[in-house]
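Undergrad: Here's the letter readout for the chains.
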Amino acid sequence: MLDELRQTCRRLLQDGTVQAVIGYGRPSPEDPVVPVFITKPEDVDQLAWDDQCFANLVKYLLRKEVLSLGKLAVCVKGCDQRALLVLEKESQIDRSQIVVIGLACDGVGKPRLAKCASCDVHTPRQSDFVIGKANTPDAAATVAERYAELDAFLAKPPEERMAYWKKELSRCVKCYACRQVCPMCYCRQCIVDKNRPVSISTSATLKGNFAWHITRAFHLAGRCVGCDECTRACPAGIDLRLLNLSLAKAAEENFDYRSGMDPEKEPIIGAYSQQDHEEFIR
Amino acid sequence: MSELLDKTDLNRLVDAWLSEGRRVAGPQCVNAKDSRGQADRIQYAWLTKAEELRLDGFIRPTNSIKEFVFPRHEKLYGYQFKGKRLELTPAELPTTEQVVIGARPCDAAALKILDAVFNWDVKDEFYNRRRELTTVVTLACKEHDDFCFCTSVGSGPCDERGSDVLLIPIDGERYEVRCLTEKGKKLLAGATTASSEEATAPQGPPVRFNLDALGEFLAGGYDRPEWPEITRRCLGCGACAYTCPTCHCFDIVDEGSASGGARVRNWDACQFTMFTAHASGHNPRSDQSQRQRQRIHHKFQIYPDKFGELLCTGCGNCSRNCPVDMGVLPVLKTIAAKK
Amino acid sequence: MSDTNVFQPKIIAYVCNWCTYLGADLAGTNRLEYPANVRIIRLPCTGRIDFNLIVKAFERGADAVLVSGCHPGDCHYTAGNYHARRRWILFRQLLETLGIDARRVHFSWISAAEGKKWQQVITEITDKTRELGPYTAYREICQEC
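Protein chains in written order, with the numbering used here: chain A, 1 to 282; chain B, 1001 to 1339; chain C, 2001 to 2145.
It is worth saying that the hints were derived from the structure and are not from the lab.
It should be emphasised that the depicted structure is a prediction, and the values quoted were computed from it without experimental measurement.
A virtual CB, placed ideally from N, CA and C, is assigned to each residue, including glycine.
Accuracy of the hints is not assured; some may be wrong.
[Said to hold, decoys possible] Here chain C is said to cover these stretches of chain A; the calculated rule only asks that three of the stretch's residues, wherever they fall, bring their Cβ under 8 Å from a Cβ of chain C:
(1) 30-41
(2) 211-225
(3) 271-278
[To be verified] Taking lysine-lysine and the DSBU-like style, the derived pairs with C-alpha atoms no more than 35 Å apart in a straight line are:
(4) A:K194 x B:K1084
(5) B:K1049 x A:K166
(6) A:K166 x A:K133
(7) B:K1033 x A:K64
(8) A:K194 x B:K1049
(9) A:K167 x C:K2010
(10) A:K166 x B:K1033
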């Protein structure tokens, strides 16, 4: 599979289809796997593929430091590819100008990350190339199975849930690693950076941390694809996945919507239906 | 001749310090796994009892001890609008003594560096008060991982800088105790037993790059064309700066409502886009490569030129916490290899 | 009067200018008494009400929050309340996950003609919140750390 990947990328660069390939790689053999930007055909041997390829490379399609390289090819796992669909719907990328190299994936991390257990996109979709074959079958998860972790948490009494978040969010230092790794966080000026006047406190107090995480989770409602990079990136080990699962569950249960899965479906925020339920409104 | 302390007595000391009304901070397991999802995540945090303290089974905590002398959020003073008047209330400086137990040498050495910055042109009373109240009991490192590079920047597993007491493990249960300052002697008075046994000096990580070659590259000019390529994968978060023992940039903001509020100081990071954003809209470091370049220059050229030592102790937190495995070490290795 | 010892909850009501605000005004002109615990904040439309306003109300010491606007189909800006309704459906799930007391967050459609309904809703919410007591959980979050 690695050979096929390298050959594909070599060809794309050699014939000028793209000026750069965003992939996973090792700049030198002793390095860990990192995002690499291959611009020369002879460098494709740096490309790597294994279960340590965590990063969601779609983020780089929005970074000017990478866009400046020219026309791009991007390597994506199934979960990452969903982000491409969301960005396209939000007019942030021109899909026709990007070459998408899908990498069939059996999961990442040792032990496997939580997201991999309910993955149903082992083979990336809507890709220009699909490299490799996934050995793991797509989980035919029911809605209940997909949100089992969250439901277990919701079974606790509200005071316990609040106490949990007070403990976890007290460790947040407002480094914004969660925001920076997220492909869907692309605002040129984030609401937390607004300071004339201040909207969300930048302070790493419990109040500021609650305000930030509530805001970010809600701004991702119906947009987050569950790549869980934010959870992995957090230097304080906060389980952001649980917050994002909340909004994903609300989107699926109420609107039968899973972000980045169906190119035909309208995004849920920004749209409405006259049939939206309102039994909670008096 | 040396002084020894065993683990049980150390834990008893920690409980004693707590019951005497001191605040004690040390490495603890927080309810999470590390970023590779394997081992427990260990962070420095305030302890409520000695049982929570973890002294071994990990390389180093994922954060640093700077937050105990330089908190991530600090109130400078309060303000209230009273009609046409503005009433200011200075913040109360802490008065409680605190002990940091189980600091790593790379964390403690950073305190000396921070002392210089916070007493350079203005004597920062907030920092100085906390610093005075703090006694640092450092634990020398028995092991290292691929991210550690203390020996490449003039430090090492037994570095005494910044520590009031250095504990060197003899075996799993006992430590050789070196009281390096009056504060340290006072804290551990009577707690140790004399012995003829001495700890063997632990071996640090191999030197990972040539500091002189690095200096040459940085002195060779600011506009090196290599920067964009080396720094392209950086996403501009603050994980490196906030977990770094020596990074000390801060932002001062007013937080409040129409009736009043407080002027506060929060950590800031040079990798954020807004860090150098001007009110006019111009941003002299608008590109991530410019921001990364500045970070390396600041740590390895600008700060040393001004204060005589590197703004880095080789702890490796930046690389361990970086979502894309960057941090300073990969950058330093690359540029020190260039001629 | 023994009122001084009774807990007086702070209710923040974010209301739309065209329906609920006028409904509240109608309650006033009809001399319908309703508890003075409510602080009314007028906005052009529920569609403009950011979920953060609910959070900020709790940060500043509210014991309960009401968000109220025009009935579906009657929005002065045609579809603002539809957008709001969708947002509220999603936001309630987030509130649940965080353990924020859902009994203190209320939503209603009150038209300009429904002065009586305004009186009823505010009275109900005030009585219920008085029973629940002050919302200390969020206030604790807002203490300086």
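Undergrad: The structure should be examined with respect to each hint, and the outcome stated for every one.
TA: Verification of the supplied hints:
A stretch counts as covered by a chain when three or more of its residues have a beta carbon under 8 Å from one of that chain; for the segment 30-41 of chain A and chain C the count is 0, and the coverage is violated. For the segment 211-225 of chain A, the stated coverage by chain C is satisfied: 7 residues place a CB nearer than 8 Å to a CB of that chain, which reaches the threshold of 3. Counting residues of the segment 271-278 of chain A whose CB lies closer than 8 Å to any CB of chain C gives 7, so the stated coverage by that chain holds, three being the minimum. Between K194 of chain A and K1084 of chain B the CA atoms are separated by roughly 28 Å; this keeps the pair inside 35 Å, and the hint holds.
The straight-line distance between the Cα atoms of K1049 of chain B and K166 of chain A is roughly 20 Å, inside the 35 Å bound, and the hint therefore holds. Distance check on the hinted pair: K166 of chain A and K133 of chain A sit about 43 Å apart at the alpha-carbon level, beyond 35 Å; violated. Our distance criterion of 35 Å between C-alpha atoms is met by K1033 of chain B and K64 of chain A, whose separation comes to about 33 Å. A C-alpha spacing of about 41 Å is found between K194 of chain A and K1049 of chain B, which places the hinted pair above 35 Å, so the restraint is violated.
Of the pairs offered as hints, the one joining K167 of chain A and K2010 of chain C holds, with about 27 Å between alpha carbons and a cut-off of 35 Å not exceeded. A hinted pair counts as satisfied when its Cα atoms are at most 35 Å apart, and K166 of chain A with K1033 of chain B qualifies at roughly 18 Å.
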